[in-house]
Amino acid sequence: MTNAPALALRDIRKAFGGVQALDGATLVVERGSVHGLVGQNGAGKSTLIKILAGIHHADSGVIEVDGVRQTMLTPARCDQLGVHFIHQDRLLAPSLTVAEALLLGHEPRWSGTPFINRRRLEAQAQAAIRCAFDIALPPRALVRDLSNAEQQIVQITRALLHRPKILVFDEPTTALVRREADFLFATIRRLRADGLTVLYISHYLNEIRDLCDAVTVIRNGRDVARVDARATPTSQLVSLMIDRAVDQLFPARQAAFGAKGLEVDKLSLAGQFEDVSFGVCKGEILGVTGLVGSGAKALARALFGLERPTSGEIRVKGEAQRLNSPRDAVAAGVALVPEDRRRHGVALGLSVRENATLAALNRFRRFGLLAASREKAAVNGLISRLSIRTPDAETPVRALSGGNQQKVALAKWLIHGSQVIVLDEPTVGVDVGAKVEIYREIAALAAGGAAIVLVSSDLMEIQGLADRALVFFRGAVVADIARSELESDRLLTFVTTGHDSREPHAKAAE
Amino acid sequence: MPKPPNRPALATALRLGAYLAFAAILLVFALAAPGFLTLGNWLNVLQQSAILGLLAFGLTIVVIGGGGNVVTGGIDLSVAANLGLAAAVYASLVKHGYPDALAAAATLSAGLAVGALNAVAVTALGIVPLLATLAVAKIVSGLEFVLTQNSVVTATSPFLAWLSDNGPLAVPVMAYVLVLVTLIAWPAVQATPWGLRLQAVGAHREAARAAGLPVKTYVAGSYLVSGVFGALAGILSAAYLTGSSPGSADILLSVVVAALLGVVFSPRLTPSIGGAASAVLFIGLLNNGFQLVNISSYWVSGVEGALILFVVACTPSQREAMS
Chain A
1 MTNAPALALR DIRKAFGGVQ ALDGATLVVE RGSVHGLVGQ NGAGKSTLIK
51 ILAGIHHADS GVIEVDGVRQ TMLTPARCDQ LGVHFIHQDR LLAPSLTVAE
101 ALLLGHEPRW SGTPFINRRR LEAQAQAAIR CAFDIALPPR ALVRDLSNAE
151 QQIVQITRAL LHRPKILVFD EPTTALVRRE ADFLFATIRR LRADGLTVLY
201 ISHYLNEIRD LCDAVTVIRN GRDVARVDAR ATPTSQLVSL MIDRAVDQLF
251 PARQAAFGAK GLEVDKLSLA GQFEDVSFGV CKGEILGVTG LVGSGAKALA
301 RALFGLERPT SGEIRVKGEA QRLNSPRDAV AAGVALVPED RRRHGVALGL
351 SVRENATLAA LNRFRRFGLL AASREKAAVN GLISRLSIRT PDAETPVRAL
401 SGGNQQKVAL AKWLIHGSQV IVLDEPTVGV DVGAKVEIYR EIAALAAGGA
451 AIVLVSSDLM EIQGLADRAL VFFRGAVVAD IARSELESDR LLTFVTTGHD
501 SREPHAKAAE
Chain B
1 MPKPPNRPAL ATALRLGAYL AFAAILLVFA LAAPGFLTLG NWLNVLQQSA
51 ILGLLAFGLT IVVIGGGGNV VTGGIDLSVA ANLGLAAAVY ASLVKHGYPD
101 ALAAAATLSA GLAVGALNAV AVTALGIVPL LATLAVAKIV SGLEFVLTQN
151 SVVTATSPFL AWLSDNGPLA VPVMAYVLVL VTLIAWPAVQ ATPWGLRLQA
201 VGAHREAARA AGLPVKTYVA GSYLVSGVFG ALAGILSAAY LTGSSPGSAD
251 ILLSVVVAAL LGVVFSPRLT PSIGGAASAV LFIGLLNNGF QLVNISSYWV
301 SGVEGALILF VVACTPSQRE AMS
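Line order of the protein sequences matches chains A and B. According to the working numbering, the first sequence is numbered sequentially starting from 1. According to the working numbering, the second sequence is numbered sequentially starting from 1.
Simulated from the structure, these hints should not be mistaken for laboratory data. Since the model is a prediction, treat every value here as computed from it, not as a measurement. Even glycine gets a Cβ: it sits at the ideal position worked out from N, Cα and C. One or more of the hints may lead you astray.
Here are the computed distance ranges between Cβ atoms for each label pair [stated by the list, open to error]:
| hint | chain 1 | residue 1 | chain 2 | residue 2 | range |
| --- | --- | --- | --- | --- | --- |
| 1 | B | G17 | A | S387 | 55 to 65 angstroms |
| 2 | A | S147 | B | A13 | 18 to 28 angstroms |
| 3 | A | S325 | B | W299 | 35 to 45 angstroms |
| 4 | A | S147 | B | V120 | 38 to 48 angstroms |
| 5 | B | V120 | A | S60 | 33 to 43 angstroms |
Isolated chain B, as found in the complex:
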């Protein structure tokens, strides 16, 4: 009997298209904005992308472990709220005179707790991640409001000052942070047994169970990791904004775009750290280019929305979920 048409050719075309689109946009901005291709500008982009990058890595790990089905698969909508709470915790403690080390420990614990809450809701209570993490997001942003009374908390400390400054070779410290975290997360997810098994759990849960993997432990672990990434991003945010301010939720859509767009930048058309890193860079450069050519940054939001539609429409795993 004849076999139905195969997908590898389509997959290659999709990836090639993504890279070509990336290159085309670079070319347009390079021609339109003289300052775009300078080293200083790119370091600036890296600095500004650090927060988005950390959150996108966390979300990517959740999507890897939960599977790519947009409706029932893994997703963490609490990352942005977690960022807000983490920044508020850090800023509040510093403002009340506690040392950086204690503030950092408390912030990381808060992030871990948010991750644990997600993990319990998804694995123990069996709630669809889309809803579970949305509910947790609401709880977490409520906590942030309780803590800050929905106002700006200004905070300065030696560590925050160092983070927001330039490091060696006049490169921003946050750019170093983004590169360093990428260099750790990439091999940790793509080259360890843990990462491979997480991918197996997300790609075919029954198969992973049949292979003897503790499926729920892996899924729960992915939410804990995402929680920690949210806390780290919160500390960067506290440094970048010298304190915490309401409105962290605005970044959520960008994080989702980065994680989803990462799929088309990955060789297997599955979520990956490398893909997410490329997507973060892509979004950062897009933002930056729009600013340089003096187009309102509000347009970026529309472009991001369009990218979500495009990616979800094109990637095979998400299409299957709908039919």
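In isolation and in its complexed conformation, chain A is listed as follows:
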């Protein structure tokens, strides 16, 4: 063995259609260490990991495993090199038993027959899990009946059976509860003691501090720091992650709010969030943020009647509403602009005009037919107001760019005249120019008297646009911050640790 690091990616560059996802990123992982990798959404973490996994290929840069330069990484090559990945989504066949899923592809047989030796299969599986985790998982249990953590255990054990040299964990705790996550950490520490090298990617900064030896921070496709994970305070990591040079993307906001447009009282949704209360005035933009699985997104779905809350109340303009379906929500004056606009927000095959008036056809009806001229006039007004870049109102939405599709999704509810508008990640995957127009339109909607709930994982967006922000952390609201107190450092600390950066370190040992 050499003294070379277990893994080194140097000066990696990668562009996707003009967007520079990685712009000279370097990641060096010492042998036998647990190395953290952090960065905001879109910083380039996942692109870097996909390049390491051989799923994408770098435009330029050097990758070394154990000091040996790798020119052509493929998933199969990674396997040979002993680099294994534990993905966030569990890759296990649900109808297999624990033992079958563990030893799939390496099933022991009765010697001299083509038949699986189930007794040996189950004994081997049990031994492997006991060896890796020191627990007994019933080998005959079906994967689909296991908890998230148990499935994660099976997946990690499966990776360990290949005797890996480097294990890469990509957001492994997103779906785990606290106790399950603690269990995973104990395992990772033991693996490190056994000499394994671990690359650990997580949004949860307190996990990084507790678990990792060193940590690399990625920002805008570049590594901006490589520091000691234990000695570096979370606040410093946070400030490293934040891009200070944000353009003046955001419209000016003025605090002139009307009566309460939307009130939510002790709302709970099984498995998602508990006991959430807040109110949004007419003219106000409420930012809602949190990591994947924190409950922020589920709140958006509940407000639009896509999920049925287990308890609590939703009031629109002071009236209690039962929102059991999107139909109820639309009738109550609640609109949703969903994240996945291609699947839920717009009908790609229909024209800009048809999409825009879809939710409000009643308003353009005369003698049971569509009043074409009125419809057309309203749509053309919106196209110029939102500056939707389209040849004309009859162009199918399919032909538009992502940002312009999103504007059409917005237009649908503008025509409908909804009172409460829920925006779910309105600027994911749109370019900066379109972002600015969408921001301006959101501000205009609020100024027009709508109560706006802006669900976003883009903290700059929350900071720049929201009059108030709720932060979700593992199913609970941990912060309700007014605009004057909204600083990106503080927001990011709340999002990633569940605690306030202004509080002393008292809770560090929780």
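Based on the hints, put chain B in the right spot on chain A.
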């Protein structure tokens, strides 16, 4: 955070319900039709179910490898057409004086070719199995018409005569065939690495790929196996009908019912050979019971349709595909 409700209890209830329904129907026919519970009648049912059984095993293997999603998952709608073509090939060759061995070899090759065509359409061309195998079914039944001019081809041979006769202990040879094929297919699918990997491919394709399995090879293999089962069923059909006759497509719905109903007879609520065998027996007894109590067998068709709706509505994997 609280966990969403789990499914094992529901699954157990569904399986229990299926067995109870089976038992209830046996009880009703036993009381209503005096001859129903005799050994002779049951052997008769086995004989009549042999063709359905072989096709259902083939389809089950395809569904295991392709996954249970009713829209995009594995399905082979060409099994019935394959049966027709196979019977026509065998009958035509025998009629023109070729020996049984050659006819059998040609029939099996034809079945394999149909399976290969399905495999290419699904894995190489990437067409959704539902459409791919429907198109192949059309091609195959066209070939059958070309071969037979859409008429009955009568054929007799020593082998066909033996197949349609009674074997040792006065048990029909076709009943032996069904039992024998079940005894081979069951362990081959449920107890070998090949079967387990096929199940893994169908249950979660990405996971199977991540586990290093050659996913497409397994899927292609499942269609080849189904093709061979179709050919074997065709030979039985040629024996049963002393030749080939048009109209093989009628059996398709029954085969689909058997494969789908097999899911609720399986411990894991996934398609399995054991489950398909139970379902074939169930459908055979249902047909037989209706005949014995003098209810038109046309009603059976309605019952089969209702069973498809019931099974698809109840099984979890197929529900997920819709949401």
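Hints, verified against the model:
no. : hint                                : result
1   : B:G17 - A:S387: 55 to 65 angstroms  : holds (59 angstroms)
2   : A:S147 - B:A13: 18 to 28 angstroms  : holds (22 angstroms)
3   : A:S325 - B:W299: 35 to 45 angstroms : holds (39 angstroms)
4   : A:S147 - B:V120: 38 to 48 angstroms : holds (42 angstroms)
5   : B:V120 - A:S60: 33 to 43 angstroms  : holds (40 angstroms)
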